[in-house]
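Asks: From first to last, the protein sequence lines are chains A and B. All residue numbers for the first sequence refer to my numbering, where the first residue is 1 and numbers rise by one. All residue numbers for the second sequence refer to my numbering, where the first residue is 1 and numbers rise by one.
No wet-lab data here; the hints were simulated from the structure. Hints may contain errors.
Repeated chains share a single entry, so a pair holds when one copy, or any two copies, can fit it.
Heads up, simulated BS3-like pairs for lysine-lysine below, C-alpha to C-alpha not over 30 Å straight-line [what the hints assert, rightly or not]:
hint	residue 1	residue 2
1	K184	K157
2	K237	K157
3	K434	K162
4	K157	K83
5	K215	K140
There are 2 protein chains.
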Amino acid sequence: MRISAALLLFVSCQTVFAAGSGLDARAEKTAERLRDDAMRGSRAYEIVESLTTEVGPRMGGSEAYDRATAWAQAKFKALGYDKVWLQPVTFPVWQRHSESARVVSPFPQRLVLTALGGSESTRGDLRAEVVEFADLEALKAVPDGTLAGKIAFVNLKMLRAKDGSGYGPVSNVRRTGASEAARKGASALLIRSVGTDSDRLPHTGMMKYEDGVAKIPAAALSVPDADLLANMLRRGKPVTVEMNIQAGFTGSKTEYNVIGEITGRSKPSEVVVIGGHLDSWDLGTGAIDDGAGVAITMAAGALIGDLKQAPKRSIRVVAFANEEQGLLGGKAYAEAMKDAMPSHQLGAESDFGAGRIYALYAGVSAGSRPVIEHIGTLLAPLGIALQASGGSAGPDLGPSVPYGLPWAELQQDGTDYFDYHHTANDTLDKVNAKDLDQQVAAYAVLAYMAAETAVDIAPEPPKTQP
Amino acid sequence: MRISAALLLFVSCQTVFAAGSGLDARAEKTAERLRDDAMRGSRAYEIVESLTTEVGPRMGGSEAYDRATAWAQAKFKALGYDKVWLQPVTFPVWQRHSESARVVSPFPQRLVLTALGGSESTRGDLRAEVVEFADLEALKAVPDGTLAGKIAFVNLKMLRAKDGSGYGPVSNVRRTGASEAARKGASALLIRSVGTDSDRLPHTGMMKYEDGVAKIPAAALSVPDADLLANMLRRGKPVTVEMNIQAGFTGSKTEYNVIGEITGRSKPSEVVVIGGHLDSWDLGTGAIDDGAGVAITMAAGALIGDLKQAPKRSIRVVAFANEEQGLLGGKAYAEAMKDAMPSHQLGAESDFGAGRIYALYAGVSAGSRPVIEHIGTLLAPLGIALQASGGSAGPDLGPSVPYGLPWAELQQDGTDYFDYHHTANDTLDKVNAKDLDQQVAAYAVLAYMAAETAVDIAPEPPKTQP
Chain A
1 MRISAALLLF
11 VSCQTVFAAG
21 SGLDARAEKT
31 AERLRDDAMR
41 GSRAYEIVES
51 LTTEVGPRMG
61 GSEAYDRATA
71 WAQAKFKALG
81 YDKVWLQPVT
91 FPVWQRHSES
101 ARVVSPFPQR
111 LVLTALGGSE
121 STRGDLRAEV
131 VEFADLEALK
141 AVPDGTLAGK
151 IAFVNLKMLR
161 AKDGSGYGPV
171 SNVRRTGASE
181 AARKGASALL
191 IRSVGTDSDR
201 LPHTGMMKYE
211 DGVAKIPAAA
221 LSVPDADLLA
231 NMLRRGKPVT
241 VEMNIQAGFT
251 GSKTEYNVIG
261 EITGRSKPSE
271 VVVIGGHLDS
281 WDLGTGAIDD
291 GAGVAITMAA
301 GALIGDLKQA
311 PKRSIRVVAF
321 ANEEQGLLGG
331 KAYAEAMKDA
341 MPSHQLGAES
351 DFGAGRIYAL
361 YAGVSAGSRP
371 VIEHIGTLLA
381 PLGIALQASG
391 GSAGPDLGPS
401 VPYGLPWAEL
411 QQDGTDYFDY
421 HHTANDTLDK
431 VNAKDLDQQV
441 AAYAVLAYMA
451 AETAVDIAPE
461 PPKTQP
Chain B
1 MRISAALLLF
11 VSCQTVFAAG
21 SGLDARAEKT
31 AERLRDDAMR
41 GSRAYEIVES
51 LTTEVGPRMG
61 GSEAYDRATA
71 WAQAKFKALG
81 YDKVWLQPVT
91 FPVWQRHSES
101 ARVVSPFPQR
111 LVLTALGGSE
121 STRGDLRAEV
131 VEFADLEALK
141 AVPDGTLAGK
151 IAFVNLKMLR
161 AKDGSGYGPV
171 SNVRRTGASE
181 AARKGASALL
191 IRSVGTDSDR
201 LPHTGMMKYE
211 DGVAKIPAAA
221 LSVPDADLLA
231 NMLRRGKPVT
241 VEMNIQAGFT
251 GSKTEYNVIG
261 EITGRSKPSE
271 VVVIGGHLDS
281 WDLGTGAIDD
291 GAGVAITMAA
301 GALIGDLKQA
311 PKRSIRVVAF
321 ANEEQGLLGG
331 KAYAEAMKDA
341 MPSHQLGAES
351 DFGAGRIYAL
361 YAGVSAGSRP
371 VIEHIGTLLA
381 PLGIALQASG
391 GSAGPDLGPS
401 VPYGLPWAEL
411 QQDGTDYFDY
421 HHTANDTLDK
431 VNAKDLDQQV
441 AAYAVLAYMA
451 AETAVDIAPE
461 PPKTQP
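Looking at chain A on its own, in the form it has when it is part of the complex (with noise of 0.2 Å):
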């Protein structure tokens, strides 16, 4: 009766202090001002605009990266952020020369293909029968040796799907399919697209070879290629393809997760982390994946460094170095973070577009979930649903969580996410800059009540034991 009758006046007015939260009226004030005004327009599709202009293309290891660096270290600072760090990370470096391919015989005509990350060369032109699979299961089912002086080619459709969920097992073929393919003694490996699209703009993204087993050259055509290659072999003839890779792993660099911080004014040392990575494949300019992340969480923190008072403890926006390639930069602030995890507050990670956020997930504890609770109903009129379970800490930010990092996800409408991701059509004309500017609201809000709030929020226990 008591719990209903306080619920009421808290939906009825919302300015009462919420009963577990640790935030006050004067807070939830601020916070909902905070996400007003990122809703009238904020500074993500700017930023995102600067760059993708100004910088392009960065993947891990190029010469590029240095200069989005630089971009980042600049803008932290023209945002008005009180520090900013570099955290280096060091990884091999791949690269990706050029890459062709054509059908030989028996209709000649040019296909389209991307190298996979982390793909080797073929050493001039490779040239093969090619054998088609379903799916992975089909590729591991056939005898060892089988596919000797083939090319294989796994053609499994990737399955829309707001929450990205047709990503797994289709990710699952790019990322183990080369070694899978070896092991039956194939010399090349030929993926569908990892994406929804139907343009003749293939996804790459990182594979990765098994110890012990061949390393045969790996691409993905893109999805109307794999049709058209399908649509020959249904013809029950050979179909031979050429394929030319340069492509491979030369040297190591060291690169920066770019860190700008907005100083709390109680408990500076204990901070709030939210960010996205700044690294993006070569094809596109990154703009949805993950300048967006990027852009939309500078903005974000930029518009609390704003405020007249900073919240209780530091905003911290991490703009993550080459994520692409295997988290590097997240798992490199997870070891340099994990004495300092308990003075982490919360984190959250944009990286899933650009599309308006409509789900919030948390990782904390019981004792600290009235927090989120509170954070729900500042986020609900904006389209957003707190969620009983379920979510993640995201690419970046998943590293952290094992050394106890509170995490919440703002989880975004990944309908068309997949037409781009990875492609050259990854471009600023994707981004529409009134759904950043809720995404911005949503982290605005988010970063400021968890640094606010009197309650040390704490993480959820871990669901097995070491």
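Chain B: place on chain A using the hints.
Replies: Quick look at chain B alone, frame taken from chain A:
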């Protein structure tokens, strides 16, 4: 009173001999059956699948066009055409060898472009500052010599329209822009792609140099790349681009219009001619431009050929050679047929993609108009509305009109046509089989009724006296 009663009777049961159309109830019934059979499933999709898979890109002047010729001959025969023959077309051969571009400064990154058909090479790297113009008029307005050592960039946006009316102004930039830019001293022309999409796939298409003006290389940036370059220029600093186009004319070649006929039962030397063009650009597989047109008209003719009794006149389907580089197959047809033009009952051409037909136009004499009106009543259930005026014979039959070809136009919905037109994205997945069936139905009705009527269709009188 008598007319409206007849009209009422006609509309109510559609089996009465329509006054003036020269078509009886039996002809009408046959046409209805052709229409309904086509709607239940025609062979058009199968044909365009075959052409794009087994031949693919088939640019005028390429070895692939010869394979397309063999394909078309074999396909006509397989579809039961009585007569299959070739009509020669000789022209200079233009070839694309390679093309690339990048911004050198102030923001180094790759640009995606494609050479316009007919363009000269850059002869090595061409590096110059870019000057942007909103349209051709703005370019024409600057004094001669202004652009010495510069690259002119005309960034005119194409508007989307069902009837393709956005094409005129932008394709004019493509066709004539290089000489306009050269007159101002420019060393190269870049244009925004003639397209309504926002994909990183540039649109090629023919251009022409004016006599007596320097021939400078000309290329189209993809729409996102045009936006990118414009965003760089907006910052007010000089933008230097390096481009390398290797392309040009070398020698001449004879190719062929491929013609299939279904021989008429009583007036075999009189013909209804329908068709599309067999050549395509080199970037895509030529599915919508104009594999669809070839497939629709081949399938429509074949459906008529399958009738127990052929119509009075012959049905001629022409797969035109080299439309893309100057309507060369259409001009050759007109020249070869000029003396035989009086034996042409009607012509209709499909060359606007794979979208559904929604309008019927005709260019015939007033006395022949009842035939078109009768055809219109049979097309109405397909969602096709007869128009009182307007339309055109199309690119490949256009050259035959001055020689007296009566024509009809079945206008397609071109809303999405310029998303893919002349790009690598012109692939089979852009074609919907059910939409093709509707078009086959329309062409079959049109061709059959025109071939069967007792009326000799006369051309519309020339609009201007020569």
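Asks: So, for every hint listed, does it hold in this structure?
Replies: These are the hints, each one checked on the structure:
When the C-alpha separation of K184 and K157 is checked against a cutoff of 30 Å, the pair qualifies only within one copy, where the shortest distance is 22 Å, while the shortest distance between copies is 51 Å. In this homomeric assembly, K237 and K157 come within 30 Å of each other (Cα to Cα) only inside a single copy, at 23 Å, whereas the closest approach across copies is 45 Å. With identical chains, the CA atoms of K434 and K162 are at most 30 Å apart both within one copy (19 Å) and between copies (28 Å). Taking the shortest alpha-carbon separations for K157 and K83, neither the intra-copy value of 46 Å nor the inter-copy value of 43 Å comes in at or below 30 Å.
Taking the shortest alpha-carbon separations for K215 and K140, only the intra-copy value of 17 Å comes in at or below 30 Å, while the best inter-copy value is 57 Å.
In terms of the numbered hints stated before, the structure departs from hint 4 and from no other.
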